[in-house]
Amino acid sequence: MSSSSDTPVLRTIGLSKSYGPIAALSDVSLDIAPGSVLALLGENGAGKSTFISLVSGATNPTAGQIEIDGERVSVHSPLEATRLGIQVVHQEPKLANEASIAENIYLSRYAGRSGFALVDRRAMIADATAHLARLGLASELPSVVTPAFQLTAAQRQLVAIAKAMATEARVLFLDEPNSSLTPRETRKLWDLVRILCASGVAVVVVSHRLSELYEIVDQVAVLRDGVLVATGRADEMPIDRAVFLMAGRAKVEAAPRLAGESAPIGEEVLRAENIWTEKVHGVDLTVRAGEIVGLVGLVGSGRTEIGRAICGADPLLAGQIYLHGRPVRFGSPKQALAHGVVMTSEERRRSVFESHDVTFNMVASSLSRLASRGFLSGKRERSLAATWVNRLALRGTTATPIVALSGGNQQKALIARSLATNPSVIILDEPTHGIDVRTKSEIAALVKQLAAEGLGVIFISSEVEELVGIASRVVVIRGGRVAQVASGADGIGLIAAALGEIIPPTDIRHEGVVR
Amino acid sequence: MKRRSAVTGVFRRVEVALVLVIVVIGALVTIGAPDFLSTANLINLLLGVVTVGIVALGQGFVIMSGELDLSVAATIALTGASAAALMKEGVPIWFSVVVGLVIGSMIGLVNAAIVIYTGVNSFIVTLGTLSVVQGLTLMVTGGLPVAVPDSLTVIGSNTLIVGVPLPVLLFVILAIVAQLILVFTVFGRRVLAVGDNAEAARLAGIPLSATKFAVFAIAGGLSGVAGIVLAASLGTAQSSAGTDDLLPIIAAVVIGGASLTGGRGSMIGVFLGAVLLGMVQNAYIILQLSSWLQLATFGAVVVVAGIFDQVRQGRIDWVNRIRGRWAIRRPQGEAQRP
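Top to bottom, those sequences are chains E and G.
Here the first sequence stands for residues 28 to 542, where the numbers follow the numbering used here.
Here the second sequence stands for residues 109 to 446, where the numbers follow the numbering used here.
Extracted from the complex, chain G is given alone in its bound form (with noise of 0.2 angstroms):
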């Protein structure tokens, strides 16, 4: 039997089969338009989903050790607002900017303190605080979108370094830093078995409170980061910002073979999840299909993740008879199920 962790055991699986789907379903479109693997076209795609990725990034610390974090789609409107609303005040962008971050993972410290201290279900919490923060951005902007300074607009889409526009630079960038961290740092190593197990991972010794307060505040840092981004690229913050993200940033996870229950899961599962969803989208439009039929192709990708995970799991009881009565079949074979 080979060597190798879980973890990287996991890193094998999931994100071959997302590699492979891509290639798959971007030669697909290919066939019906050439022009989707243009460069321009490559990099929009990828600028399309530099928002959800960043952020479900964020929303993967949490998934995997358990939790759920709605709030942060509303958060990413709230932090591009603030930071605007200070920048127009004549705060330094810079300051701007932080305050902004740290507004993000402010919320994610009451989510997380929430969470701790009462025991209430992270998705009831998050439900809540989903709002609480719409409501906030509405306040501070009064419905209205708040223009940003042209100087934010070097951290936009406009800056591009050797050729890749600057957000998705930082997106890639972060997806690695967030691997990196998952699978070679005692953090990422706690997230897992918070998530796995959380009283089992008390008893050993690990800092339960702690790491998850970490990972709320990763969230919604992120969300942060996602939101000036956002607002950077647009040239304006609006209050409507991330509505419709919710459900792709959880997506992205999932797609990304996390465990919705947590303990288990990819930092590059969820790059490539949110490439995969980006790209559904991107092709439709490439193909000039209805975007009604977007929608729904959507969902379904989401659902057929859903059903992927289950099986690669041996969860589903007819898929399992059907592969006993296959490796019954050549004896020979080295299809072992414990």
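If we strip away everything but chain E, and leave its shape as in the complex, we get (with noise of 0.2 angstroms):
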């Protein structure tokens, strides 16, 4: 860490990436100061991971160049870059699941080694010890021989962070590293980030929560369409203004929070009553016709597993679930569909059908209605994908292949399959996590539409202040269970100053908690 403060100790020159005619990233040059935290912001797709992938060796540049501490340098493949230290953590940190905390930090001592070399078990555990102390982590994470399953979410980026310091790295991209944290969880990472910095490393850091973001950036940089629009000092660049630049245009003024008139609430479309799965400990849940009522809590919380168990996908181990004031049973989401219940689920990675387009993952819910005796019409199904596309916007026609689309638009195809089955109530989980801002609020939008148009919505997410403005009801699930129930701007505001942090059940201001 001995560069003088003015060189940079990574700097791009130029640096662009072009897929055949598509200019991925194009001219970016781009100072990174050493022991600085840069921003590094963009909507999907504007070259965000194209310019980490080239930065760290993972691709290579069609025109540009790299320099470290001004020297020029040229990083072909990940392991070279390892070695001029830049390091990548992402999103959700690769670690060997069966191995322990120690070993995943020292998984590099592997590499350069012959496979018969013998491993010092207990040198490398007293050396992960020592290293993560030196991190301040010590109290943060349990014993190093702890198998890294066993680790949260939170933890694995923290160990995933020590692995790459293990390395001696001078900069260390976080791709998304508070998306799936809490507030609280948040702020560790960010005290580690500063001990970082304080040693002279340059962190930069990709996330869509800006307000979480802004609290630790020394620098900004945004990117729109593989272009680097602008640089600046975070104090000079207020989160409006950069999400400004990252959309291009205006169009984000028409985000949900300035609410059109709210739709009248209708009648009980849905009623759960005390209903338990393996993760849900007895939960009383009501949706109206047009109301949307947040789930909020931590991952692991419980709320995707009470959506889960509304729509038929986990089974009920007791309690009961009224559709229109009937008392109805689910055994699969097939019969919830039947009865008009859906649900979208979290991980649009795992919910999209890869090999296929637009139209075979939009009516996917709805062959049944688009058949007759069982033959399906290709006319039917493009018209009814057509229709879909139209209405969200979507980026791409009905024959594009999910997988070429954005994390966004995969998103809104997701929410079509549901919504082309005509449901009375839709359940989304998570329906903007790694999002970027403007589909987010597009996203939002749409919800608040249907809602008006007479659909019950169940809105799943970690984010309470996306709620803010469109939920009618937030409803707080910690540890199966309903901890709190808050509806209206202010009691909603209040719920996402205090989620995440851990109050005891007898703090909380008790509305409509159940047993």
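Derived by calculation from the structure, the hints in this document are not laboratory data.
Among the hints, a few may not be true.
Distance windows between CB atoms, simulated [unchecked claim]:
no. : chain 1 : residue 1 : chain 2 : residue 2 : range
1   : G       : Arg433    : E       : Val100    : 51 to 59 angstroms
2   : E       : Glu300    : G       : Ser317    : 22 to 30 angstroms
3   : G       : Ser317    : E       : Asn124    : 23 to 31 angstroms
All C-beta atoms, glycine included, are put in the ideal place defined by N, C-alpha and C.
Given two chains presented individually in distinct reference frames, assemble the corresponding complex, making use of the accompanying hints.
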């Protein structure tokens, strides 16, 4: 860490990457100073990932240069990047699951050696413990012999960073590090980033959660359509300015927070009474026609499982679900679907049919309706898909392979799959997870519009802020139970402030607590 | 951008490539042995692939749904032998045939039940039932060939319809029907959806278990068809029937462009895959080459088909790099890679 303060540790000059005629990144020149935190901002597809993969040697640039400490280098492989001190920690860090924390941190020690070399376990454990202590992580992680699969998402993130730092990284890229972390966990992560910066490491963070990101960044660089549109100090570029630059137009102004007139809320559509599954411990929930009910909680709190229980994906151990006042029992999502209850699941990567096109993906839940005597009509399929492509302003056609779409557009296609069934209740599980600001507000606006048309919506989210202005009620889930219910913008705002803190249940204003 | 569904998109690419390969190899063999193109030889070639081909159609459904059924190879012998044994006992022929088909489907249903209700990988389950079924066959036959009555041989290879043996015609019709089912029916769509992403399919309201039961039952049933037709053609039901067919059955499906992880494939592709394999076999005989080399070539065709599929899907990095460079060199071209 000997570079003088005015030489950037990493500099790119005219870095470009194109795939055939498509330019993923054009002419990006960026300086990254040692000991600083740079926020790399942009919508999905703006070129952030391309930039990271070029600098980290995962792909090779079509033009441009990379300099480290003012010397030109060629980063043609990830191994080379590691040698040069460039490290990337991805959104969901890839750890060897059965291996311990210590083994994960020193995995690279196995890389350059003969396969016959012996592993000094004791030394490795001692080294790992010392290494974590240096990074101030000793109290954040369990014993270094704990296998990685026992770690929480936040702990995995910390281990991945510790692993990166074990190779003397000079520039550390964090790709969406806080997207599944609670505010408290994020603060711990930022503490670690500060420690790294103090020791001269440059940290580049990519995140869609701008307000959290702005707690830590020094510099901001905004990419749009592969072009670097702005760089500057964070205090000179406030969040709204950055968002404006990312979108490239004032379209974001149409964000749902401005709220339209709320639709009149109709009669009760769905009511769950004291439902139990493995991860849900006695939950009551009511959704009325035209109502958006926010279901918030941390990852693992049981919020997803409540949705799964209602739509028949997980077996109900006890309790009763009423639809339009009548008791129903869904043995499978298929039965729920037949009654107009549908769920769009959380991870779009796990929910799309990736070998197929937009049409296949959109009509998958409506097959029986589209078919006559078991035979499908390609024309009817395409016209149904085309309707939703237009209605959701999907950036693609009905014949576009689903994997060619950006994450936000894949999410839209999945929502269309559910909506195409003409449901009366839709459960959206984290529909905006890891999606850029503009698509996020498009989806929020869509949800609001659907509710206005009389649909009952259960909106599962870990970002309470996004529910302010769209949800009429927010239910906080903790440990598989309803911990708190709030309605109105103020009440929801309060929850936003408190979520993620470990508050003993007695401290909470009980409004809708069961058991 | 032209509108077309992914299903017909796949159709356009794999099948056309296979037809080209078949034409090229056919032309090369014809140069060495002009007899190759004689009607008699072509019919011989097709007759040789009927058993493998019909079973491969069933296997196609199984593989496209994301599973694998190794037991079909043994079901060929058991169904043929059971039907023949019943006929020998004087049971009416039509009834014996139905029983044979039912036995085939039952084996499929048993496989499906174990896979669905225990979650054990279908490779393991059917590797086991493969052996179980072989054992059952030996119990039925005592290891000896069972003669079938002459009246059954009407569905064998000696019956010609406009010069084409009945089994060949049956194979062609089954392949067309299977392709229609795959592309145009809700069931076909369910198979592809389940194979592509089972959990997503379930949440989308697709009946996971029913679909898997159906594909395994179809695979078993079609093995029954193949077993009975084989017995009718040979005049006897052999307990060893189908033993060597396991590799070509799976190979035909993969050569036909199906993904071994499910979600993608074509029945016309399976048909052409089976024909291509039969052609390689036939070429060695007609060119009088070493049969040892034949086995090696056969295996090589399977591996090459697998590599070809990887390339097509853009999964091989160094091929992608070459393609990328190529695309840059002519930037006005339409080479788009997402």
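So, going through the hints one by one against the coordinates:
Range check, G:Arg433 to E:Val100: Cβ separation about 22 angstroms, and the 51 to 59 angstroms hint is violated. One distance hint, 22 to 30 angstroms for the beta-carbon pair E:Glu300 and G:Ser317, holds here, with the actual separation near 28 angstroms. A hinted range of 23 to 31 angstroms for the beta carbons of G:Ser317 and E:Asn124 is consistent with their spacing of about 29 angstroms.
Violated hint for the displayed structure: number 1, the only one.
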